[in-house]
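*Asks:* Here is what each chain is made of, one letter per residue.
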Amino acid sequence: MKKRMMRIAALAIAATMTLSLAACGGKDDGGGSAASNENVTENNSEGGSEEAPADNNNSSDGDKVITYWNIGTEGADKQALEYAVEEFNKNTKSGYTVENVPTQNDNYKEKLVIAMSSGECPDMYTSWSGGPMNEYIDSGFAQPLDDLYEEFGLKDKYMEAALAQATYNDKLYAVPTYNVSLAGIFYNKEMFEKYKLEVPTTVSELEAVCDALKKEGITPFALANAPKWTGSMYFQCLAARKGGLEPFQKAVAGEGTFEDECFQYAGEKIQEWVEKGYFPEGVNSLSEDDGQAKQLMYQETAGMLLCGSWYTGTFSSDSPEFYEKIGWFSFPKIDGSDADASIQIGTIGDQFVSFNCTGDKLKAAFECASYYSSDGAKELMVEVGKIPPTKDAGDLITDGVTKQILDAATNASSVQLWYDQYLPPAVAQVHLDTCQEMFGLTMKPDEAGKKFEEAMEEYLADK
Amino acid sequence: MKKGESLLAQKRQKDTNRVAAIFLAPVVILLVIYIFYPILETFRVSGFDWNGISSNPKFIGLDNWAKLFQDEKFWTAFLNNIKVMILSILIQIPLGIAMATFVEFAGKKSTIFKILWFIPMLMSSVAIGFLFTYALATNGGIISSISQLLGGGNVDLLGNPKTALYAVIGVIAWQFTPFYMVYCVAGYTNVSEEVYEASVIDGANKRQYFWHIALPLLKPTIKSAAILSMVGSLKYFDLVYVMTGGGPGSSTELMATYMYKLSFAQFNMGYGSAVAGGMFILISLISLVTMRILNGKKEDY
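Protein sequences, first through last, are from chains A and B. Residue numbers for the first sequence follow our numbering, so the first one is 1 and each next one is one higher. Residue numbers for the second sequence follow our numbering, so the first one is 1001 and each next one is one higher.
Note that these hints are calculated values from the structure, not bench results. It is possible that part of the hints are untrue.
Stated by the list, open to error - From the structure, some residues in chain B lie toward chain A, with a derived Cβ separation under 7 Å:
no.: 1; residue: I1053
no.: 2; residue: S1054
no.: 3; residue: T1138
no.: 4; residue: L1158
no.: 5; residue: P1161
no.: 6; residue: T1163
no.: 7; residue: G1247
Where is the CB? At the ideal position from N, CA and C, for every residue including glycine.
Please model the complete structure; the sequences and the hints are all you need to start from.
*Replies:* Spelled out as structure tokens, the structure:
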């Protein structure tokens, strides 16, 4: 009898566990598609147009609150992103108020997708532009803004590169907010002086600097590659300096290939540098979010750090004294390559606001976003270490490093958005995975290139 | 007279049924809403090419399932799940039994061990994940520090595709062994005192008692523990997500992390649902087969 009971209990427990698993998997999926059905009916009644706002619950009738999701949970991001909301709520005559809903950066994208799939998409939300933003637009969660840009006279205010990154299919779908971020190399000026090192202008000079640092027992590059996108920046810079942007753009369009020479070169160079010990030990398990790369810089056990220029804000808010020691240079050109060395990798106007509402509400929301290019906002951004993506940003900036970064951005012949943002998300994932494996020396560059290309071809075939 | 009685019985039966229905209704409704419906939905969504947010999913029949069968990544993830499953059962359950036996034999004196050993079970998985990411760090982690004390170099466990999965399995064992300890302690309470006394009177020592009496009597407990561990390992998600995110490369990718990435990071809800459905089928199959095997043999004591 006891045995029988046990057996039944075991069966029951096992069954519940299996089912609850499926519920985990299914709940979100299920909820999502249920909502999508609502969307279908609603959109049908509106003529089923692709661009009809998929805005179920927050319908504009009588509802005067605009919900705004962004990633400004703390520090400079919070200050800069909140500013427009506060100003709008203080000054607006539209009768609307904006409710600011900041979310932790790490889970923001997933949270947004779940909100959209369950018909709870906020009226305003920020994104990093690129592949995911295009998905939101294709799914009807963003409105074209060209007319509003004209009405508010914003077009002339922003840098062209910023507007380019807010554009999809020749229409403006987003408003740039508060930062210009380029991939560049931060270095410890004191250390360079101490060991009599010059800022490198070519990759071979860069390698000489690395060797010299290595000899002193210092890790040349601080890098935490667990999240994968950090290491990918090396790949992007090397590929852009080797072959310019054309091979990348062609490969994305399906006319070229990711097995191109410049990607091959980038992979080989990375592996050569790994073998020479230019990166910290266990680089693939170091966590960027926990600050394991910047810690190496602070401990002065690493001499350089290649990352997005938002690091100026990180350094200066963590330790103003340390920030004094920091210098910056754009990724050096490759000896013998005729690729345009002014090309930059990065984002101009980081965090782009898109809108999921129509009519008066859209206008009010846009009015709110327009405060990001107001004089007060720009001053605040500069003060907290950001670079406003506006044409007159240069007049406001006094900090040396920031000025250098801005100059690099304004002098760039073109700025390529980060691969992992720009590419369709499924392809980006393959790139990040293979790139990390190259850093781990578990995959050869030609194999990585092949997988990258296969993923791109598969995506294009489905399109 | 008789007729009246049966009428009464019928009425009572009816009442019982009604009360049963009322009491069961909340559970049944919850089960339907949160378990049965989502399962069916998952299978339905798996028939679509859908990014998860657009309002017009495209019906593509069984294409996602055809893709699933040929998807190297999914089968790698499945193999990883199988590795986690086998090693979890082999490590956690024997350790759990050993700890439970110690606690049982040592009696009241061992309460402190019982409490200490149970602590990992009380911590949240995410906290454990962060804790061990630091403990296993290449620079300054516990393992690296010990290795350096002994004259070796730094040890990179989580960043090396060959060792990452085993490192995670070790942490999973750290977290769940206490659960099986408690499970076996509960099993021991089912073994009646008389059996122990009888064996002592018959001249058995503790070792003989354990191997020949306690262990066979614990068998049903161990069986259900094994099934629990098995199902738990096959649907495992949180520690891997926190510690490695499936990396380096895809060396620690599990079915659940793969599903999550597809559905929410890569805008591929349709295929993600197919992966969820595949998981559901595989786990159900494995559980059923194992239960058949474990419960098929008739034994009695």
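*Asks:* Give a verdict on every hint.
*Replies:* Cross-check of the supplied hints:
Because the beta carbon of I1053(B) sits about 4 Å from the nearest beta carbon in chain A, less than 7 Å, this interface hint is met. Given the 7 Å rule on beta carbons, the hint for S1054(B) holds: about 4 Å separates it from the nearest Cβ of chain A. The interface hint given for T1138(B) is met, as the beta carbon of that residue sits about 3 Å from the closest beta carbon of chain A, less than 7 Å. Interface hint at L1158(B): satisfied, since its Cβ lies 4 Å from the closest Cβ of chain A, which is below the 7 Å cut-off.
Checking P1161(B) against chain A by beta carbon gives a least distance of about 5 Å; that is within 7 Å, so the hint holds. Given the 7 Å rule on beta carbons, the hint for T1163(B) is violated: about 10 Å separates it from the nearest Cβ of chain A. Proximity of G1247(B) to chain A holds as hinted, the smallest CB-CB distance being about 6 Å (cut-off 7 Å).
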